[in-house]
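2 protein chains.
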Amino acid sequence: MHILIIGAAGMIGRKFTESLIKTPLEGTTPVTRLTLADVIAPTTPTGFSGEIRTATVDLTEPSAAERLLAERPDIIVHLAAIVSGEAEADFEKGYRVNFDGTRALFETIRHANQKEGWQPRVIYASSNAVFGGNFPEVIPDDYILTPQTSYGTQKAIGELLLADYSRRGFFNGIGLRFPTICVRPGKPNRAASGFFSGIIREPLVGLDAVLPVPDSTRHWMTSPRSAVQFIRHAATLDLAKLGDRPNLSMPALSVTVGEQIEALRNVAGDKAVAHIHREPDEAVARIVEGWARAFDPQRALALGFTTETKFEDIIRAHIEDELGGHIA
Amino acid sequence: MHILIIGAAGMIGRKFTESLIKTPLEGTTPVTRLTLADVIAPTTPTGFSGEIRTATVDLTEPSAAERLLAERPDIIVHLAAIVSGEAEADFEKGYRVNFDGTRALFETIRHANQKEGWQPRVIYASSNAVFGGNFPEVIPDDYILTPQTSYGTQKAIGELLLADYSRRGFFNGIGLRFPTICVRPGKPNRAASGFFSGIIREPLVGLDAVLPVPDSTRHWMTSPRSAVQFIRHAATLDLAKLGDRPNLSMPALSVTVGEQIEALRNVAGDKAVAHIHREPDEAVARIVEGWARAFDPQRALALGFTTETKFEDIIRAHIEDELGGHIA
Numbered sequence: 001m002h003i004l005i006i007g008a009a010g011m012i013g014r015k016f017t018e019s020l021i022k023t024p025l026e027g028t029t030p031v032t033r034l035t036l037a038d039v040i041a042p043t044t045p046t047g048f049s050g051e052i053r054t055a056t057v058d059l060t061e062p063s064a065a066e067r068l069l070a071e072r073p074d075i076i077v078h079l080a081a082i083v084s085g086e087a088e089a090d091f092e093k094g095y096r097v098n099f100d101g102t103r104a105l106f107e108t109i110r111h112a113n114q115k116e117g118w119q120p121r122v123i124y125a126s127s128n129a130v131f132g133g134n135f136p137e138v139i140p141d142d143y144i145l146t147p148q149t150s151y152g153t154q155k156a157i158g159e160l161l162l163a164d165y166s167r168r169g170f171f172n173g174i175g176l177r178f179p180t181i182c183v184r185p186g187k188p189n190r191a192a193s194g195f196f197s198g199i200i201r202e203p204l205v206g207l208d209a210v211l212p213v214p215d216s217t218r219h220w221m222t223s224p225r226s227a228v229q230f231i232r233h234a235a236t237l238d239l240a241k242l243g244d245r246p247n248l249s250m251p252a253l254s255v256t257v258g259e260q261i262e263a264l265r266n267v268a269g270d271k272a273v274a275h276i277h278r279e280p281d282e283a284v285a286r287i288v289e290g291w292a293r294a295f296d297p298q299r300a301l302a303l304g305f306t307t308e309t310k311f312e313d314i315i316r317a318h319i320e321d322e323l324g325g326h327i328a
Numbered sequence: 001m002h003i004l005i006i007g008a009a010g011m012i013g014r015k016f017t018e019s020l021i022k023t024p025l026e027g028t029t030p031v032t033r034l035t036l037a038d039v040i041a042p043t044t045p046t047g048f049s050g051e052i053r054t055a056t057v058d059l060t061e062p063s064a065a066e067r068l069l070a071e072r073p074d075i076i077v078h079l080a081a082i083v084s085g086e087a088e089a090d091f092e093k094g095y096r097v098n099f100d101g102t103r104a105l106f107e108t109i110r111h112a113n114q115k116e117g118w119q120p121r122v123i124y125a126s127s128n129a130v131f132g133g134n135f136p137e138v139i140p141d142d143y144i145l146t147p148q149t150s151y152g153t154q155k156a157i158g159e160l161l162l163a164d165y166s167r168r169g170f171f172n173g174i175g176l177r178f179p180t181i182c183v184r185p186g187k188p189n190r191a192a193s194g195f196f197s198g199i200i201r202e203p204l205v206g207l208d209a210v211l212p213v214p215d216s217t218r219h220w221m222t223s224p225r226s227a228v229q230f231i232r233h234a235a236t237l238d239l240a241k242l243g244d245r246p247n248l249s250m251p252a253l254s255v256t257v258g259e260q261i262e263a264l265r266n267v268a269g270d271k272a273v274a275h276i277h278r279e280p281d282e283a284v285a286r287i288v289e290g291w292a293r294a295f296d297p298q299r300a301l302a303l304g305f306t307t308e309t310k311f312e313d314i315i316r317a318h319i320e321d322e323l324g325g326h327i328a
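So the protein sequences, as listed, match chains A and B. Residue 221 in our numbering is what sits at position 221 of the first sequence, and the numbering runs on without skipping anything. Residue 225 in our numbering is what sits at position 225 of the second sequence, and the numbering runs on without skipping anything.
Honestly, I wouldn't trust all of these hints.
Copies of the same chain look alike in the list, so a pair counts if it works inside one copy or between any two.
Simulated pairs of lysine to any residue, SDA-like, Cα-Cα distance not exceeding 20 Å [to be verified]: (1) Lys115 to Ala55; (2) Lys22 to Met1; (3) Lys93 to Ala104; (4) Lys93 to Gln148; (5) Lys310 to Arg110; (6) Lys93 to His111; (7) Lys241 to Ala263; (8) Lys187 to Ala104; (9) Lys93 to Lys115; (10) Lys115 to Glu88; (11) Lys93 to Arg110; (12) Lys241 to Asn134; (13) Lys187 to Leu303; (14) Lys187 to Arg225; (15) Lys241 to Ala283; (16) Lys310 to Thr180; (17) Lys93 to Ala112; (18) Lys22 to Arg67.
FYI, nobody ran anything at the bench for these hints, they're computed from the structure. Since the structure is predicted, the reported quantities are computational estimates derived from the model, not experimental observations.
Produce the complete structure using the sequences and hints provided.
What follows is the structure, given as structure tokens:
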């Protein structure tokens with residue numbers, strides 16, 4: 001089987017690739033080819049027994065999708081996107097990449113499907129940002145998508161296209177609404193959501209971290225490990241079970257910042273917690289207030305998608321996967 | 001004030017135009033200019049005291065939107081669309097007209113807005129077809145849009161774009177999800193929904209009509225008169241009241257075919273009802289089963305949108321507006 005990962009240089013793309021190399025997918029034919037595509041050259045990982053190729057490609061360029069799909073992969077994992085902040089700051093770039101790029105990909109598959117019957121599986125990364133405005137404390141599976149960002153709008157449009165192209169039989173689509181990923185490895189970044197990871201990641205290596213929101217702030221989070229598991233599950237799931245709604249809110253943990261901090265104390269002690277410095281930032285607090293706090297993802301759970309059951313497990317996964325099991 | 005109607009040659013476009021000429025909009029500056037645009041040349045109505053122009057234009061042609069908007073109308077009523085059946089039969093044409101055409105219109109407004117601050121009101125005709133699949137008997141305002149047709153998908157995407165462009169301040173948008181219009185004037189057509197009008201319209205002029213579904217079939221209908229009133233209300237409503245959700249399910253009547261027939265009996269007697277012939281058609285029944293049966297349009301009602309309260313009134317409106325008050 002041939003898997004194409006678009007957006008392979010991103011955090012989830014890299015971790016999904018590593019996971020495929022380390023642990024074969026169950027319940028499907030072996031993965032013998034991997035194509036890793038991104039706008040910046042993805043690094044070629046070692047240890048894969050099959051054929052692995054990288055491609056530097058911008059889906060918004062004419063015929064880029066044709067070239068990328070020329071080998072007719074069996075599964076296409078579409079993770080490529082301009083992130084929320086950039087899509088809000090640059091309206092045209094956000095629509096060009098997140099909207100036209102996705103459409104170009106889908107259209108190219110459609111043309112090949114209509115010509116030769118090729119019908120790949122398409123795994124589309126959507127986001128909880130498709131929800132916005134005055135939503136309930138716990139968002140059910142049948143709640144309306146009224147995004148309050150251009151990024152959320154573009155992701156919601158992608159969901160609608162995915163559903164229509166799948167209904168038409170051009171491909172077999174599944175859309176996964178990713179929760180906020182925590183603990184994100186790497187350096188602190190300027191994303192408004194960065195502190196959710198920062199207050200765990202930095203103290204674990206003996207560094208200070210700033211908390212700009214109240215301890216009562218509640219958010220919907222899952223680990224990179226679970227995010228990878230979502231894609232793995234989507235790669236082998238019987239998609240007929242999706243019925244006429246191929247887009248799903250993924251499970252995650254609804255935790256407050258205070259609960260995150262107590263979990264950190266349980267795992268790494270008071271010394272770690274002492275690295276967290278409360279510096280309230282009204283602007284960040286206002287942005288975060290607009291984000292979903294909890295979901296009731298009954299459909300995804302019934303379809304076998306899983307996540308951690310307590311925040312301590314999310315911290316421990318980070319220590320295992322990123323810190324070689326050691327904390328400062 | 002200058003109003004541009006795109007899709008002016010259609011039934012609702014013509015009736016809205018006539019209404020503007022006959023009855024001035026209240027609570028706004030007088031309408032002194034009307035531009036009527038459509039892919040087929042709209043007829044120029046008489047009796048308008050201001051300036052009236054017609055334009056034959058296809059929004060999907062390069063720079064068509066630029067030319068159409070060159071006069072910077074104050075209100076743009078966007079009714080132009082490929083209908084449901086055609087959008088399903090011709091995938092590419094449906095997306096080209098309903099999706100790219102709408103986007104071209106919105107993009108042209110955005111460019112002008114960013115250049116010169118022009119910020120028109122945009123009234124967008126959406127449809128109940130944005131709902132589909134396993135929805136509840138009565139659909140609430142916050143129910144998810146999972147269309148099961150390409151037409152419904154295109155309309156739902158238009159809603160998302162309208163919301164994002166409005167949130168950004170490029171224009172002041174309002175989207176109206178039109179119910180099925182009944183009684184549609186004119187000849188019987190091949191639309192699957194045609195019988196809802198046919199079983200009223202034909203008997204009233206002494207002609208036979210075929211009923212392909214059971215009497216228990218429930219549907220959500222309003223009159224052409226109410227549909228025009230929706231647009232009139234949207235043209236003068238304080239759009240700040242929409243908050244962050246500019247798309248609204250319109251009010252209508254939830255009636256069964258049996259109730260339609262009894263209303264016809266009340267208005268026009270047994271003689272009219274005798275013209276209805278039951279010829280069950282499984283294919284039509286299956287299509288109609290997938291359509292919304294009732295809504296709870298609390299937001300639209302709170303904002304002052306109104307509809308008929310009993311089906312007899314819908315029949316009487318047809319007799320007054322289309323038959324000069326006379327029945328066969």
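Going down the list of hints, with the structure as the test:
1. When the C-alpha separation of Lys115 and Ala55 is checked against a cutoff of 20 Å, the pair qualifies neither within a copy, at 25 Å, nor between copies, at 38 Å.
2. Only within a single protomer do Lys22 and Met1 lie at most 20 Å apart by alpha-carbon distance; the minimum there is 16 Å, versus 67 Å between protomers.
3. Taking CA atoms no more than 20 Å apart as the test, Lys93 paired with Ala104 passes in both settings, with 15 Å inside one copy and 16 Å between copies.
4. In this homomeric assembly, Lys93 and Gln148 come within 20 Å of each other (Cα to Cα) only inside a single copy, at 17 Å, whereas the closest approach across copies is 30 Å.
5. For the identical chains of this complex, Lys310 and Arg110 are neighbours neither inside a copy (42 Å) nor across copies (46 Å), given an alpha-carbon limit of 20 Å.
6. In this assembly of identical chains, Lys93 and His111 lie within 20 Å of each other by CA distance solely across copies; the values are 15 Å between and 25 Å within a copy.
7. Taking the closest pair of Cα atoms, Lys241 and Ala263 never come within 20 Å of each other, the shortest separation being 36 Å inside a single copy and 43 Å across copies.
8. Proximity of Lys187 to Ala104 under the C-alpha cut-off of 20 Å is found in neither arrangement, the shortest distances being 33 Å within a copy and 41 Å between copies.
9. Taking identical chains as interchangeable, the C-alpha atoms of Lys93 and Lys115 lie at most 20 Å apart only when they sit on different chains, with a minimum of 18 Å there against 31 Å within one chain.
10. Only between protomers do Lys115 and Glu88 lie at most 20 Å apart by alpha-carbon distance; the minimum there is 19 Å, versus 38 Å within a single protomer.
11. Taking the shortest alpha-carbon separations for Lys93 and Arg110, only the inter-copy value of 15 Å comes in at or below 20 Å, while the best intra-copy value is 24 Å.
12. In the homo-oligomer, the alpha carbons of Lys241 and Asn134 lie at most 20 Å apart only across protomers (14 Å), although the nearest pairing inside one protomer, at 31 Å, exceeds that limit.
13. Taking the shortest Cα distances, Lys187 and Leu303 never come within 20 Å of each other, neither inside one copy (35 Å) nor across copies (49 Å).
14. When the C-alpha separation of Lys187 and Arg225 is checked against a cutoff of 20 Å, the pair qualifies only within one copy, where the shortest distance is 18 Å, while the shortest distance between copies is 61 Å.
15. Neither within a single protomer nor between protomers do Lys241 and Ala283 lie at most 20 Å apart by alpha-carbon distance, with minima of 42 Å and 25 Å respectively.
16. Taking CA atoms no more than 20 Å apart as the test, Lys310 paired with Thr180 passes inside one copy only; the shortest distance there is 15 Å, against 49 Å between copies.
17. Within a single copy, Lys93 and Ala112 get their C-alpha atoms only as close as 27 Å, which misses the 20 Å cut-off; across copies the closest is 18 Å, which meets it.
18. For a Cα distance limit of 20 Å, the shortest separation of Lys22 from Arg67 qualifies neither inside one copy, at 28 Å, nor across copies, at 58 Å.
Hints 1, 5, 7, 8, 13, 15, 18 from the earlier list are contradicted by this structure; the remaining hints agree with it.
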